[in-house]
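Engineer: The lines below spell out each chain.
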Amino acid sequence: METASQPTEASVSINVSLLNSLMNLAGELVLCRNQLLQAINSDDRRLLETTGQHIDLVTSEIQEQIMRTRMQSMGCLFDKLSPLVGELAGKTGKPVELSFAGEKVEMDKTIMDAMEASLTQLIRNTIKYGIEAPEIRRKRNKPEKGALEISARHEAGHVVIDIVDDGIGIDPDALVRRAVDKGLIAEQQGLEIANETEKAGLVFLPDLFDEGEETGDCCRFSGLDTVKTDLEKVGGVIDVNTHPDRGTQVRIKLPLTLSIIPSQIVRLGEERFAVPQVNLNELLRIPADQVKHMIETVGGAEVIRLRGELLPVIDLAGALGIERSFVHPEDGQRYPERRLSIADRRSKNHSIPETSYEGMEQRENTDRRRHPDSALNIAVVSTGKIKYGLVVDAMNDSEEIVVKSLGKHLKGCRGFAGATIMGDGKVALILDVASIGEMAALRTGNKTEAVVEDKATHLEKNAGSQSYLFFSNSQKERLAVPLDTVARIEKVDADAIETVGGSRVLTYRGGSLPLISLEDAICIDPLPEKDHYQVICFNVDGREVGLLAAPPVDAADVAVDLDTRTLKQSGVMGSAVLMDQTTLILDVQQVVKNARPEFFHEE
Amino acid sequence: MKSTIDAKHTAFSEYATFYLKDALCGIALDAIQEINKPSDLTVVPQAPDYVMGIVNLRGRIVTVIDTGKRLGLNPIEAGEKMRTIIVNDGEESVGLMVDRIANVVRIEPDGTESPPANIGKVPGRCFDAVYKTEDRLVGLLSLDSLVRC
Chain A
1 METASQPTEA
11 SVSINVSLLN
21 SLMNLAGELV
31 LCRNQLLQAI
41 NSDDRRLLET
51 TGQHIDLVTS
61 EIQEQIMRTR
71 MQSMGCLFDK
81 LSPLVGELAG
91 KTGKPVELSF
101 AGEKVEMDKT
111 IMDAMEASLT
121 QLIRNTIKYG
131 IEAPEIRRKR
141 NKPEKGALEI
151 SARHEAGHVV
161 IDIVDDGIGI
171 DPDALVRRAV
181 DKGLIAEQQG
191 LEIANETEKA
201 GLVFLPDLFD
211 EGEETGDCCR
221 FSGLDTVKTD
231 LEKVGGVIDV
241 NTHPDRGTQV
251 RIKLPLTLSI
261 IPSQIVRLGE
271 ERFAVPQVNL
281 NELLRIPADQ
291 VKHMIETVGG
301 AEVIRLRGEL
311 LPVIDLAGAL
321 GIERSFVHPE
331 DGQRYPERRL
341 SIADRRSKNH
351 SIPETSYEGM
361 EQRENTDRRR
371 HPDSALNIAV
381 VSTGKIKYGL
391 VVDAMNDSEE
401 IVVKSLGKHL
411 KGCRGFAGAT
421 IMGDGKVALI
431 LDVASIGEMA
441 ALRTGNKTEA
451 VVEDKATHLE
461 KNAGSQSYLF
471 FSNSQKERLA
481 VPLDTVARIE
491 KVDADAIETV
501 GGSRVLTYRG
511 GSLPLISLED
521 AICIDPLPEK
531 DHYQVICFNV
541 DGREVGLLAA
551 PPVDAADVAV
561 DLDTRTLKQS
571 GVMGSAVLMD
581 QTTLILDVQQ
591 VVKNARPEFF
601 HEE
Chain B
604 MKSTIDAKHT
614 AFSEYATFYL
624 KDALCGIALD
634 AIQEINKPSD
644 LTVVPQAPDY
654 VMGIVNLRGR
664 IVTVIDTGKR
674 LGLNPIEAGE
684 KMRTIIVNDG
694 EESVGLMVDR
704 IANVVRIEPD
714 GTESPPANIG
724 KVPGRCFDAV
734 YKTEDRLVGL
744 LSLDSLVRC
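Which chain is which? The protein sequence lines are A and B, in order. The first sequence begins at 1 in our numbering and counts up one residue at a time. The second sequence begins at 604 in our numbering and counts up one residue at a time.
Isolated chain B, as found in the complex:
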């Protein structure tokens, strides 16, 4: 009996969700290293416009990306609830700045649908899938498309 529960557990995938303005998005939880309050950003001149700057994460230099701008949405507005999601990308870490953190959702393997050609202004290739909760749609972001140069 127990083993079947375990098997069921592993089949679930967990996503951390967050808001980019009003849009609810999610990232696979196991890709996330940590979530931080934004610290002092150092602006890098000549950087691509979606790069907000670099921060010191316990002695490592982390590039912080404006997730909104990266997806072609509105840039993140500075606010109290703003957070940086640190994700690992190969050798380095990248910070994804988001407007507000929401819940962690558990999604059954067959609970997602493939993304449409575009969601609002965002092209569909930025999403791995979409997930419908009772009242709204969560765009599950493809991490690769976010952090790839």
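Chain A with its partners taken away, still in its complex shape:
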């Protein structure tokens, strides 16, 4: 923990061959510069192009080699750990058989330094509490020596470190009980955790175990909340897998390096900001006409309903205290924003029917708030405990950025993790997702609590709920299919649909996707002719089928009280009143069977 806060140590040892190759590359770079000067002076375009390519190659190689100078092998760390294990084993009187794997795995020195304290703490915990005394081990038919294996390996741009022991493990249910008893989680919440890994993850709750408290079997994870936060600081993730009596596996996943990070570039007004990819969950674009339905206000804070989950929405401009502005779609000028609420899409002249989606289609399109440019762009970000939607003006590309620190005059600015230089030479700030969340929470006061509360009741209400995808065929009827049957949803132009051999198909990714209209399969009002259709793709019997549908297409978690009789027909599982509207729930398999019986005859 101390090492994490200290600046990196002054020296690293570098392989001479690495240094030599760097020298070579530096020479190469000088050569490139001379070529470049020559090309510019002689105005030779071809030479300029080849030099450009050459520089490109040399720079990426230099970058790679320089990165390697920061890399250290795990062996160095392992060397420090084995005396520690020996000492602890001696102190506690528990013989431990320590084994290492993956000494050659390399990682950034700063990350390794930052993680060393965490690893030490974990090992201390394991030997102190996890591994039983020899006499107990004998009774339980285990070898007298406890086994502790620490391994490291590369996995998709990360280093994964496993700490595995064969000790007493922990009972996940006991953890849940303890967390509930201590009032750290609500009882309801405790009951809902079904996943064993999630249960074991409770050990990271702060205050779950008091310092020095003896609780028999389960007190082996003291101080784990700090371990978790320390690792998160360097972009790490920690998981626990445990079996009572068989042992525990702690898995730490760390990025290879901190200085170059993949990021999503977002735009706000004229400025660009980088959101580290590790914090990014997904990107949402909410069309202008649906904003009002997707964004709700709970206790004064704005939230978005995303697949049945309520997420607080933070406006980046508001959180940073920048005046919100917009570019008027007609004259391209930038004006200050006067709206106070994101969900405010009303114009002065038109009153909006609050209830129906149909009204949306007829609304006049002259209001700026309805213009396609008024669609909301939301980056769903998360860090540790908090998850929220960040409203920005636009999404740019994702890029690998080099992190640079800000000067001392800007140390007081919260919300930034540093700055980076973009391809055009301008500087962009890197957002610190955690502190922006905190800043917004400060400004909205107790509103976030209201959101959490609402979320809790929402979860409670939805016990036993299922995810459905809602859509319509004709504008009047609402239909739904279980979300897990849906492969994906595409928006297609009517022109892209061909009629071949009496059936409609969509040429898609080099193949033909058969399309079915719902009115061919079940008794329903036909789908009106349109310029665009939504195509919901299903996998039926290992074959992809597209179902033509009309917007709004929306997904939600709902508890369904299925009525299988009132509106019974082939292809319909039943009906239910969902969100105050009778909704037909389809049996996808049967729908496809009705529309294209030949698909099933082949077999």
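Where hints are given, some of them may not hold.
[What the hints assert, rightly or not] Cβ pair distances, simulated, as ranges:
1) A:Asp44 / B:Pro712: 51 to 57 Å
2) B:Arg663 / A:Gly93: 51 to 57 Å
3) B:Arg663 / A:Asp397: 20 to 26 Å
[Said to hold, decoys possible] Partial pick of chain A residues on the chain B-facing surface, computed with a CB cut under 10 Å:
4) Leu19
5) Met23
6) Pro95
7) Arg272
8) Leu406
9) Cys413
10) Arg414
11) Gly415
12) Phe416
13) Asp424
14) Gly425
15) Ala428
16) Leu429
17) Met439
18) Asn539
19) Val540
It should be emphasised that the hints constitute simulated quantities derived from the structure, not laboratory data. Glycine included, every Cβ here is placed at the ideal spot set by N, Cα and C.
We have chain A already, so just place chain B on it with the hints.
Structural biologist: Positioned in the frame of chain A, the structure of chain B alone reads:
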């Protein structure tokens, strides 16, 4: 003979002078790394009001300070002659935005006077000294007071 000239030379201190609106100020020349035309500034939200933004100086991030505002004078007005004076401050570089660059003046060691309690609206502690040319007064700024947070 030559050595005496050299000795005299080293005794001189050189100051780069510049205008903040109409006020003529100077900074010790050896503290200056370079003087640049202003490049694309990135505004940092929540920064102190005297910070204009950050710029990319050959791969380094430099904080640019509005020298006028920093001294409690009028903010720098965007113009053709605007320049950024890059000074080194320990580990990092700081850019001082000024309205216009003037000459380099050579000042004899005993040519300066200690600053009065205030010069216009600017408190005297911002100056190391003042220097009188034939026709006007040059405030020699204390770099430390400019770049200190």
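Engineer: Taking the hints in turn, state whether each one holds.
Structural biologist: Hint check results:
Distance hint check: the CB atoms of A:Asp44 and B:Pro712 are about 55 Å apart, consistent with the given range 51 to 57 Å. At roughly 56 Å, the beta carbons of B:Arg663 and A:Gly93 sit within the given window of 51 to 57 Å. Range check, B:Arg663 to A:Asp397: about 24 Å between beta-carbon atoms, so the 20 to 26 Å window is met. Using the Cβ-Cβ criterion of 10 Å, the hint placing A:Leu19 at the interface with chain B is not satisfied: the shortest such distance is roughly 22 Å.
At a threshold of 10 Å, the smallest CB-CB gap from A:Met23 to chain B is about 21 Å, leaving the interface hint violated. Here the hint on A:Pro95 is broken, as its CB sits about 50 Å from the closest CB of chain B, past 10 Å. With a least beta-carbon distance of about 8 Å to chain B, the hint placing A:Arg272 at the interface is held under the 10 Å criterion. Taking 10 Å as the C-beta contact cut-off toward chain B, the hint placing A:Leu406 at the interface holds, the least distance being around 6 Å.
A hinted interface residue such as A:Cys413 counts as satisfied when its beta carbon comes closer than 10 Å to some beta carbon of chain B; here the least separation is about 4 Å, so the hint holds. Against a cut-off of 10 Å between C-beta atoms, the interface hint on A:Arg414 holds, since the closest Cβ of chain B lies about 7 Å away. Interface hint at A:Gly415: satisfied, since its Cβ lies 7 Å from the closest Cβ of chain B, which is below the 10 Å cut-off. Interface restraint check for A:Phe416: the shortest CB-CB distance to chain B comes to about 7 Å, inside 10 Å, so the restraint holds.
Hint status for A:Asp424 relative to chain B: holds, with the closest Cβ pair at about 8 Å, below 10 Å. Hint status for A:Gly425 relative to chain B: holds, with the closest Cβ pair at about 5 Å, below 10 Å. For A:Ala428, the shortest C-beta to C-beta distance to chain B is roughly 7 Å, which falls under 10 Å, so the interface hint holds. For the restraint placing A:Leu429 at the interface with chain B, the shortest Cβ-Cβ distance is roughly 7 Å, inside the 10 Å limit, so the hint holds.
A distance limit of 10 Å between C-beta atoms decides the matter here; for A:Met439 the minimum to chain B is near 9 Å, and the interface restraint holds. The closest approach between the C-beta of A:Asn539 and any C-beta of chain B is roughly 47 Å, which is over the 10 Å cut-off, so the hint fails. At about 52 Å, the closest approach between the beta carbon of A:Val540 and any beta carbon in chain B exceeds 10 Å, and the interface hint on this residue is violated.
Hints 4, 5, 6, 18 and 19 from the earlier list are contradicted by this structure; the remaining hints agree with it.
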